Amino acid sequence: MGEVVVFRKRRGVELVMLILAMGLGVGAFVLTNLNLYEALPDRWWWGVGAYVAIGLAAHLVIRWRTPYADPLLFPLVYLLNGLGLAMIYRLDQASSPVMHSAELQLTWTAIAVAVFVLVLVLLRDHAVLQRFPYLTFLAGMIVLLMPLLPVIGFENHGARIWIKIGPYSFQPAELAKIVLTVAFASYLVEKKDVLALAGARFAGIDLPRARDLGPIIIMWLTSLAVLIYQKDLGTSLLFFGLFVMMLYVATERPSWPILGTLLFGIGAFLGWRFYGHVQTRVNAWLDPFSDWDQNYQIIQGQFGMAWGGLFGTGWGLGRPNLTPLAKNDFIAAALGEEIGVAGLMAIIVLYGVIAMRGLRAALTARDPFSKLLAAGLSFVFALQVLAIIGGVTRLLPLTGLTTPFVSQGGSSLVANYAMMALLIVVTHRVRMPQAQTNEPLQSLAHDTTQVIAVPSRPDAAATDPRTALTPSQSPSSADEPTQAVPVGADPSGTGDELTQALPTGSPDAEPTQAIPSGTAQTWNPDDTNPQGRLP
Amino acid sequence: MSDLVVLALKLLFLALLWLFVLFVGNVIRTDMFGRKLATNEVGELQPVAELRKQKKPRGRAAKSLPNQLRVSKGKQEGLTLPLGDGIKIGRAADCQLVLDDDYVSTRHAQIVRTDDGYMVEDLGSTNGTYVNNERVTSATPFTTADTLRIGRTLMVVES
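Chains as they are written, first to last, in full-length UniProt numbering: chain D, 1 to 535; chain F, 1 to 159.
Keep in mind that the hints were calculated from the coordinates and are not lab data. Quick caveat: nothing in here was measured; it's all calculated off a predicted structure. The C-beta atom is built at its ideal place from N, Cα and C for all residues, glycine as well. Check before you lean on any hint, since a few could be wrong.
[What the hints assert, rightly or not] If the Cβ cut is set under 8 Å, some of the chain F residues that face chain D in the computed set are:
1. L4
2. L17
3. V21
4. L22
5. D115
6. L123
[Stated by the list, open to error] Computed far set for chain D versus chain F, every beta-carbon distance over 12 Å:
7. R8
8. V30
9. N35
10. L60
11. P71
12. D212
13. R273
14. S290
15. Q302
16. T313
17. W315
18. E338
19. A346
20. V353
21. I354
[What the hints assert, rightly or not] Over 12 Å on every C-beta distance to chain D, these chain F residues come out as not near it, computed from the model:
22. L11
23. N26
24. T30
25. D31
26. D85
27. A92
28. V112
29. E121
30. P141
31. T143
32. T144
33. S159
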């Protein structure tokens with residue numbers, strides 16, 4: 001009798017963590033007001049109440065629909081969201097007249113959590129997403145390349161990663177991120193064995209076979225197109241990195257990430273060599289102070305973080321508004337200024353824990369689709385955080401990605417909450433105790449082929465040369481030259497067919513039994529009937 | 001507010017933020033290994049709603065109904081599982097009884113509780129479900145006197 005590991009539900013822990021998280025979010029808002037005005041604004045309870053109510057409502061839905069979900073994901077996400085709201089509110093106060101984008105962001109939070117709840121309620125089991133890998137892939141590609149369309153796509157701050165329908169603008173890459181992760185996961189579940197086959201060996205690593213390079217080349221060309229035409233290094237890095245990492249997870253072959261890094265290096269070099277906007281970004285990364293006007297934003301971000309220092313200026317006491325787009329791309333710099341390196345580090349740790357919990361679910365998962373989906377979603381999340389916070393802190397060239405859950409923007413918030421809902425469904429299914437009663441099924445390689453002769457006439461069976469195919473001969477039935485467990489007469493007339501590996505026996509017949517050659521004896525279904533019913 | 005208060009509040013906020021991170025670490029630590037259970041206890045860990053339904057008395061006949069399924073022969077011999085309101089048997093993860101048997105279909109059969117006791121139904125399996133070596137074509141009563149066979153596994157019901 002084996003043992004199974006059962007995860008606890010831990011919904012109480014989630015509630016406690018959520019209350020602490022909301023306390024910190026509300027605390028940031030209160031501190032901002034105290035530091036700026038020494039008083040809370042009129043009707044402050046509206047915002048605070050809405051924030052708390054939305055969080056509790058989402059928690060109740062998690063309790064109801066996904067009781068085994070990971071206890072940390074939602075509190076962490078909601079804390080990041082709260083800190084983002086507080087910082088957007090704080091930046092509103094810096095402009096004159098005072099803006100109200102924090103209220104808009106709070107509305108978007110409500111909508112995003114509604115989408116989150118909708119995914120939890122509608123998606124009972126993420127396995128349904130596995131059904132149409134190619135259609136999902138096509139949909140993801142269309143969404144990803146949508147900003148290149150002439151009418152709806154438009155360029156904003158040097159990157160063509162937006163679409164605009166009427167007054168609403170939207171970054172489709174945020175949605176494409178989820179759709180393509182699902183598509184890659186379902187595709188790789190089918191194809192991982194082929195892609196893991198080794199081809200030529202070079203410098204100690206097995207390269208993949210040339211004919212299997214198709215998918216990675218398609219993704220490489222797509223990411224190059226994103227880099228060149230959408231002028232966005234981050235999106236390009238995000239999708240190519242996601243695909244390469246998922247290939248690695250699926251095949252466990254280090255040659256894929258090595259090949260992917262080389263291909264991306266070549267693409268990035270070509271982009272840098274031939275396209276001015278890439279050169280500008282690289283220059284702003286390596287030597288921002290060489291061109292004060294062009295790199296104004298990144299320089300202001302650097303000054304802000306430098307002024308903040310280790311512990312920051314305090315909520316409301318810095319001047320993060322001097323950085324252009326401080327609410328969007330540069331919200332990490334604004335946070336770094338007001339809560340310092342200590343606060344920014346804590347935020348990065350929170351992001352890291354979210355990614356880690358997703359990867360943990362991938363490790364726990366038993367089926368390959370859940371593994372790939374959880375690993376892909378957490379990886380793309382971590383990569384996005386790395387790309388944008390790395391860009392703001394000048395670890396990497398700056399990209400136009402959003403800081404998940406923190407920066408201003410409805411589409412990003414909705415897409416990231418939907419992604420978290422998907423991850424929570426996966427963790428719920430993965431952690432749910434199942435009556436898993438034994439070790440995983442052995443590989444089929446250990447079993448002999450399950451072929452059974454099905455004689456149509458009992459007397460024919462004795463002379464049937466096909467019986468030689470049946471390897472097992474029971475000592476007790478040595479005088480019977482037929483198979484160990486014969487199947488009775490097949491009324492359907494297909495009895496002569498050997499191809500039926502597991503035929504459905506006729507109702508009164510002995511059930512079909514394939515006997516692995518290792519067990520050289522007849523298996524008797526019942527002790528009172530030791531011979532079975534031989535024909 | 002005085003500068004001292006502002007400084008104190010600033011540091012308090014950061015301390016609480018890091019305290020939260022420490023709490024997160026603690027949750028991860030306590031969540032690391034889950035609980036280990038012998039396989040026959042797993043059946044008791046059904047969702048609370050199902051357990052409640054199970055406890056509901058359903059008249060005297062229902063109370064005395066034998067409700068333990070025991071694997072009497074096969075790889076998982078000795079495994080017992082409460083039948084409750086019914087279970088699904090197969091190789092899929094959503095089955096309450098996952099049989100490690102090559103001749104079992106993904107969703108092979110189900111045992112349902114009716115007013116007359118437990119009934120076995122085949123869910124369109126490839127190799128069939130047998131009660132006392134009779135292939136199940138419709139819902140068949142399953143009592144303590146019967147032996148259920150699925151693939152190479154034999155099961156009996158007992159109280």
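Evaluation of the provided hints:
Taking 8 Å as the C-beta contact cut-off toward chain D, the hint placing F:L4 at the interface is violated, the least distance being around 12 Å. The beta carbon of F:L17 comes within 5 Å of a beta carbon in chain D, closer than 8 Å, and the hint placing it at the interface holds. The beta carbon of F:V21 comes within 5 Å of a beta carbon in chain D, closer than 8 Å, and the hint placing it at the interface holds. Contact between F:L22 and chain D, as hinted, is not supported at the beta carbon level, the nearest pair being about 10 Å apart and thus beyond 8 Å.
Taking 8 Å as the C-beta contact cut-off toward chain D, the hint placing F:D115 at the interface is violated, the least distance being around 26 Å. Hint status for F:L123: violated, given a least beta-carbon distance of 14 Å to chain D, over 8 Å. With a least CB separation of 7 Å from chain F, D:R8 falls inside the 12 Å interface cut-off, contrary to its annotation. The claim that D:V30 lies off the interface is violated: its Cβ sits roughly 9 Å from the closest Cβ of chain F, which falls inside the 12 Å cut-off.
Listed as outside the interface, D:N35 is inconsistent with that label: its C-beta sits roughly 6 Å from the nearest C-beta of chain F, within the 12 Å cut-off. Interface exclusion of D:L60 from chain F stands, the closest Cβ pair being 16 Å apart, more than 12 Å. Some Cβ of chain F comes within 12 Å of the Cβ of D:P71; the nearest lies about 6 Å off, and the non-interface call is violated. With a closest Cβ-Cβ approach of about 30 Å to chain F, D:D212 is found to remain outside the 12 Å limit, as its non-interface label requires.
Every CB of chain F is more than 12 Å from the CB of D:R273 (nearest about 43 Å), matching its label as outside the interface. Every Cβ of chain F is farther than 12 Å from the Cβ of D:S290; the closest lies at roughly 35 Å, confirming the non-interface assignment. Against chain F, the non-interface label of D:Q302 holds: every CB pair exceeds 12 Å, the least being about 22 Å. For D:T313, the requirement that its beta carbon stay farther than 12 Å from each beta carbon of chain F is not met, with the minimum near 8 Å.
Taking the minimum C-beta to C-beta distance to chain F, about 7 Å, the non-interface status of D:W315 is violated against the 12 Å cut. Not every beta carbon of chain F lies more than 12 Å from that of D:E338, the smallest distance being close to 9 Å; the non-interface claim is violated. Here D:A346 does not stay apart from chain F, with its beta-carbon only about 5 Å from theirs, under the 12 Å limit. Once the 12 Å rule is applied to beta carbons, D:V353 is inconsistent with being away from chain F; the minimum gap is 6 Å.
Distance check for D:I354 against chain F: the nearest CB is about 10 Å away, which does not clear 12 Å, and the non-interface claim fails. Under the 12 Å C-beta cut-off, the non-interface status given to F:L11 relative to chain D is violated; the minimum distance is some 7 Å. Distance check for F:N26 against chain D: the nearest CB is about 9 Å away, which does not clear 12 Å, and the non-interface claim fails. Not every beta carbon of chain D lies more than 12 Å from that of F:T30, the smallest distance being close to 8 Å; the non-interface claim is violated.
A beta-carbon of chain D comes within 12 Å of the beta-carbon of F:D31; the shortest separation is about 7 Å. No beta-carbon of chain D comes within 12 Å of the beta-carbon of F:D85; the shortest separation is about 15 Å. Not every C-beta of chain D lies more than 12 Å from that of F:A92, the closest at about 10 Å, which undercuts listing it as non-interface. No Cβ of chain D comes within 12 Å of the Cβ of F:V112; the nearest lies about 17 Å off, and the non-interface call holds.
No Cβ of chain D comes within 12 Å of the Cβ of F:E121; the nearest lies about 15 Å off, and the non-interface call holds. For F:P141, the condition that its CB be more than 12 Å from all CB atoms of chain D holds, with the nearest at approximately 18 Å. The beta carbon of F:T143 sits about 17 Å from the closest Cβ of chain D, which is more than 12 Å, so the claim that it is off the interface holds. Once the 12 Å rule is applied to beta carbons, F:T144 is consistent with being away from chain D; the minimum gap is 16 Å.
F:S159, annotated as away from the interface, keeps every beta carbon of chain D farther than 12 Å; the closest lies near 20 Å.
Violated hints, listed in ascending order, are 1, 4, 5, 6, 7, 8, 9, 11, 16, 17, 18, 19, 20, 21, 22, 23, 24, 25, 27; each of the other numbered hints is respected by the structure.
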